[in-house]
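> As a plain string of letters, each chain reads:
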Amino acid sequence: MQFTAKDIAFMLNGTVEGDPLVEANHLAKIEEGGNGSLSFLANPKYEQYLYTTNASVVIVNNSLQLTSPVKATLIRVENAYSSFTLLLEQYNTIKLNKSGVEEPHFIHKSAKIGATPYIGAFSYIGQDVTMGDNCKIYPGCYIADNVKLGNNVTLFPGVKVYFDCIIGDNVVIHSGAVIGSDGFGFAPNPDGTYTKVAQIGNVVIEDDVEIGANTTIDRATMGSTYVRKGVKIDNLVQIAHNVDIGQNTVIAAQAGIAGSTKLGENVMLGGQVGVVGHITIARGTQVQAQSGVSRKITEEGKRWAGSPAISYTADMRSNVVVSRLPELEKRVNELEKIIKELKDRDVH
Amino acid sequence: MQFTAKDIAFMLNGTVEGDPLVEANHLAKIEEGGNGSLSFLANPKYEQYLYTTNASVVIVNNSLQLTSPVKATLIRVENAYSSFTLLLEQYNTIKLNKSGVEEPHFIHKSAKIGATPYIGAFSYIGQDVTMGDNCKIYPGCYIADNVKLGNNVTLFPGVKVYFDCIIGDNVVIHSGAVIGSDGFGFAPNPDGTYTKVAQIGNVVIEDDVEIGANTTIDRATMGSTYVRKGVKIDNLVQIAHNVDIGQNTVIAAQAGIAGSTKLGENVMLGGQVGVVGHITIARGTQVQAQSGVSRKITEEGKRWAGSPAISYTADMRSNVVVSRLPELEKRVNELEKIIKELKDRDVH
Amino acid sequence: MQFTAKDIAFMLNGTVEGDPLVEANHLAKIEEGGNGSLSFLANPKYEQYLYTTNASVVIVNNSLQLTSPVKATLIRVENAYSSFTLLLEQYNTIKLNKSGVEEPHFIHKSAKIGATPYIGAFSYIGQDVTMGDNCKIYPGCYIADNVKLGNNVTLFPGVKVYFDCIIGDNVVIHSGAVIGSDGFGFAPNPDGTYTKVAQIGNVVIEDDVEIGANTTIDRATMGSTYVRKGVKIDNLVQIAHNVDIGQNTVIAAQAGIAGSTKLGENVMLGGQVGVVGHITIARGTQVQAQSGVSRKITEEGKRWAGSPAISYTADMRSNVVVSRLPELEKRVNELEKIIKELKDRDVH
Chain A
0 MQFTAKDIAF
10 MLNGTVEGDP
20 LVEANHLAKI
30 EEGGNGSLSF
40 LANPKYEQYL
50 YTTNASVVIV
60 NNSLQLTSPV
70 KATLIRVENA
80 YSSFTLLLEQ
90 YNTIKLNKSG
100 VEEPHFIHKS
110 AKIGATPYIG
120 AFSYIGQDVT
130 MGDNCKIYPG
140 CYIADNVKLG
150 NNVTLFPGVK
160 VYFDCIIGDN
170 VVIHSGAVIG
180 SDGFGFAPNP
190 DGTYTKVAQI
200 GNVVIEDDVE
210 IGANTTIDRA
220 TMGSTYVRKG
230 VKIDNLVQIA
240 HNVDIGQNTV
250 IAAQAGIAGS
260 TKLGENVMLG
270 GQVGVVGHIT
280 IARGTQVQAQ
290 SGVSRKITEE
300 GKRWAGSPAI
310 SYTADMRSNV
320 VVSRLPELEK
330 RVNELEKIIK
340 ELKDRDVH
Chain B
0 MQFTAKDIAF
10 MLNGTVEGDP
20 LVEANHLAKI
30 EEGGNGSLSF
40 LANPKYEQYL
50 YTTNASVVIV
60 NNSLQLTSPV
70 KATLIRVENA
80 YSSFTLLLEQ
90 YNTIKLNKSG
100 VEEPHFIHKS
110 AKIGATPYIG
120 AFSYIGQDVT
130 MGDNCKIYPG
140 CYIADNVKLG
150 NNVTLFPGVK
160 VYFDCIIGDN
170 VVIHSGAVIG
180 SDGFGFAPNP
190 DGTYTKVAQI
200 GNVVIEDDVE
210 IGANTTIDRA
220 TMGSTYVRKG
230 VKIDNLVQIA
240 HNVDIGQNTV
250 IAAQAGIAGS
260 TKLGENVMLG
270 GQVGVVGHIT
280 IARGTQVQAQ
290 SGVSRKITEE
300 GKRWAGSPAI
310 SYTADMRSNV
320 VVSRLPELEK
330 RVNELEKIIK
340 ELKDRDVH
Chain C
0 MQFTAKDIAF
10 MLNGTVEGDP
20 LVEANHLAKI
30 EEGGNGSLSF
40 LANPKYEQYL
50 YTTNASVVIV
60 NNSLQLTSPV
70 KATLIRVENA
80 YSSFTLLLEQ
90 YNTIKLNKSG
100 VEEPHFIHKS
110 AKIGATPYIG
120 AFSYIGQDVT
130 MGDNCKIYPG
140 CYIADNVKLG
150 NNVTLFPGVK
160 VYFDCIIGDN
170 VVIHSGAVIG
180 SDGFGFAPNP
190 DGTYTKVAQI
200 GNVVIEDDVE
210 IGANTTIDRA
220 TMGSTYVRKG
230 VKIDNLVQIA
240 HNVDIGQNTV
250 IAAQAGIAGS
260 TKLGENVMLG
270 GQVGVVGHIT
280 IARGTQVQAQ
290 SGVSRKITEE
300 GKRWAGSPAI
310 SYTADMRSNV
320 VVSRLPELEK
330 RVNELEKIIK
340 ELKDRDVH
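Just so you know, the protein sequences line up as chains A, B and C, in that order. Throughout the first sequence, residue numbering follows numbering that gives the first Met the number 0, covering 0 to 347 in sequence. Throughout the second sequence, residue numbering follows numbering that gives the first Met the number 0, covering 0 to 347 in sequence. Throughout the third sequence, residue numbering follows numbering that gives the first Met the number 0, covering 0 to 347 in sequence.
Everything hinted at is true.
Output of the computed footprint for chain A on chain B, the stretches with three or more beta carbons under 8 angstroms from beta carbons of chain A:
hint, stretch
1, 18-32
2, 88-99
3, 145-159
4, 230-241
Derived pair list, reagent style DSSO-like, types lysine-lysine, alpha-carbon separation capped at 27 angstroms:
hint, chain 1, residue 1, chain 2, residue 2
5, A, Lys-329, C, Lys-342
6, B, Lys-261, A, Lys-195
7, B, Lys-329, C, Lys-342
8, B, Lys-228, C, Lys-28
9, B, Lys-195, C, Lys-28
10, A, Lys-195, B, Lys-135
11, C, Lys-94, B, Lys-147
12, B, Lys-336, C, Lys-329
13, B, Lys-97, A, Lys-147
14, B, Lys-147, C, Lys-97
15, A, Lys-339, C, Lys-336
16, A, Lys-301, C, Lys-195
17, C, Lys-147, A, Lys-135
18, C, Lys-147, A, Lys-97
19, A, Lys-329, C, Lys-301
20, C, Lys-44, B, Lys-261
21, A, Lys-28, C, Lys-295
22, A, Lys-329, C, Lys-336
23, A, Lys-329, B, Lys-342
24, B, Lys-339, A, Lys-336
25, A, Lys-111, A, Lys-147
26, C, Lys-195, A, Lys-28
27, A, Lys-97, C, Lys-111
28, C, Lys-329, B, Lys-329
29, B, Lys-336, A, Lys-339
30, B, Lys-339, A, Lys-339
Honestly, the hints are just simulated from the structure, not real lab data. Keep in mind that this is a model prediction, so the values were computed, not measured. We treat Cβ as the ideally placed atom computed from N, Cα and C, and that holds for glycine.
Excised from the complex, chain A in its bound form (with noise of 0.2 angstroms):
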């Protein structure tokens, strides 16, 4: 990817104000931009750098007036943020616009694949899996029997989706992320051992939804295990069986959620939050990061902490006295010792 000021300018109709004939190859912070970086200055925090960057090329707002002279080419334009934010769209457009079909693969006869694929070599795609257009499916995934994806599906290389899911349209899934492994269910026998209970249900990924790498979805022992319109799944997430997460909600890194707990919409989890099984979570629920919730949550839109989980002003109410409990106790203990002195001196 090469282009001149003049061509990026053009695409963003914008104005050059320098030699318009610079090239740029790459993007950059404005502190860090080396020779041949396009970088953009939105904040005027950081107009500074503006005067010192390396950057061959810098997109900067209309109304920015200069107060020092500077090295790079400008390009001005309405909203330089707003202008940058498309050209990093575009860039990776361009880095993730692969297509065709690789050698070696593996796909079973009576598959369906949509319009203008990507498929990855060593990928795998089962018996009846129905694939809509436009999907990629990167190299070494795992498409079982009996799957569906919508259109523009993203499966980065190795993800596994067990049979009988379902994926809508637009989802982008990272690598190493499992879908539709089985649920986590075993009934104790009297001797101790455990007898398995199938799992027979699947997993719902509805539209518009982003799931991390690494990240685990179980499978419904029966009914579905849904992933709503819109929800964005950080790595390393545990997704346990029959839960079902409302739209938009957003889960951070190494967050948890037990067997068949609802989530509302847009409901935020913190990284490596926990929440216990067959609950249920108001809509707008915030809950920091590393605290569990143990009990049902019914007030929408609030927030929570500490494990178990109390409001969040509680808990750093708590947190403060936690910290100065030594003292506390020492004080309790020179009470105790007063009182005793002041009772004894009453008693004489």
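Take the given structure of chain A and dock chains B and C to it, following the hints.
Same frame as chain A, but now just chains B and C:
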């Protein structure tokens, strides 16, 4: 899969009530059952759904007395729950009944493979591997040199087993799990760098073990990391080098056990539990989710909670007071003020 | 591998005591050593086992004075521990000494591969990849377009490296680890949905780094996520976008570091630790297992514990009082009662 009510009644030794020719092609919960679904009613609590369900066929107890008309065809059996469980297993057996050897694969000529295997495409079976009968190696698995697998082992897609590891009969390992990766052993040097300690042991997984998706079990530095008979491990669990997990122990998702720790039989660890290294945990110990076990547990069959873990009941009691800590501190402030007044008055 | 006591003594520059022709074919701890095993005795605490072991050959210090007869053949050396360590490494080198290029594989014609590689079956090497000498790419690895690998890099089975990432010399990455997946960046919209922020940076892993199984390291939004020289990372760890991990830092299993946080050199994070985003952690900081670091740490070389983390000693002291909290509350109740009595009496 498509069966008539009559077929199902025959399999379960039950009697048909309603149209014996109605067909079912999938299993569903009674409250979710639609056209073509087969369901069951065991718990009287759910009886209401029997009169409203759209399921085509419902298995019920012989003893059930109807209080309203029912649209579905009923199959009456001695025990509806156990009959349905039987069907679940049957269903799963059919779904998972893969066989044959798919192309391409890599099987070292020295590998010994038992009768009726399934070996999925892109699977790798190394030098001197031995594998019992009826093993199912799903696509993209990696079995390193000198690994031994028993009979009826199932490795779901993308399981990796490092060299020299030993896996018993009837073991099930889910996608992305890693068995036998190097233990985390590094010796510090005076200059702040670390030198790796070679990890030359292996992992031994005994019979009837199930291991969840993306779980990691490290090989021993020397000797073996043991997962004993009947152990059940959930997803994303970390088992460090030289750990020994006792028979029929159950470990929930995202728990972690540090090096050389020995768990007794029938231990239960909740989700996200951490256990420090080099300790022993008595048989029958139960640890609540998110707890951290920092010392050995010698008394059998007790329940623990908190980080660091204390007895479950003590932790419950402490948690209650923690949430009232700011108030407790205020009460101590108040007491000190009163005492000061009393003492001052005393002096005068 | 099969050596006589005489052979081993020759390798270690030691002297044989007993049958020089006895053979050993594997390594074992002295307390577990059986027929054919080679063991060592360095710690006097274990001397008792020397007289009962079934190991065929035992390496001991020159200085050791026997107090009973010994069945095994002894090899006397200056330092039994370091001699044994030498053998461990030798053993591992032989075990891991794979070479050659296995079929089938996918290597883009533009990829540049150094001398004496091992490339396992089902490995994928993308466009413009460059790879140094003596790299070992185990089966089923994925190396995306434009990735650069140094010399002596080992990627165990199923490692995935996304495009543009850079990996230094002598790096070891264990099975299932994902390098360069998208950072978790989504901008909220007024209607509750999220728009993905393109993640166009990369991951840079410097020399002498080891990364555990199923660990995930996200690419930077822009610029790079850095794992500096000599860092050791355990299994199932999450490193978010734009994190920078200082030289020789050690991170135990299941820890997680949120976006843009910068760890100094020689930091140690215990298992399941969480660190919030956008902070710096001073060099030499040590954080206890399961702790949560919620604020920047500026003082070097201190130890922290708890969630939120406070100084280690303060946390230890607080934990003790937490377990006595119900009792403390009772004592305050009692004090209030007495005070009330005293005041009442005072009034009359």
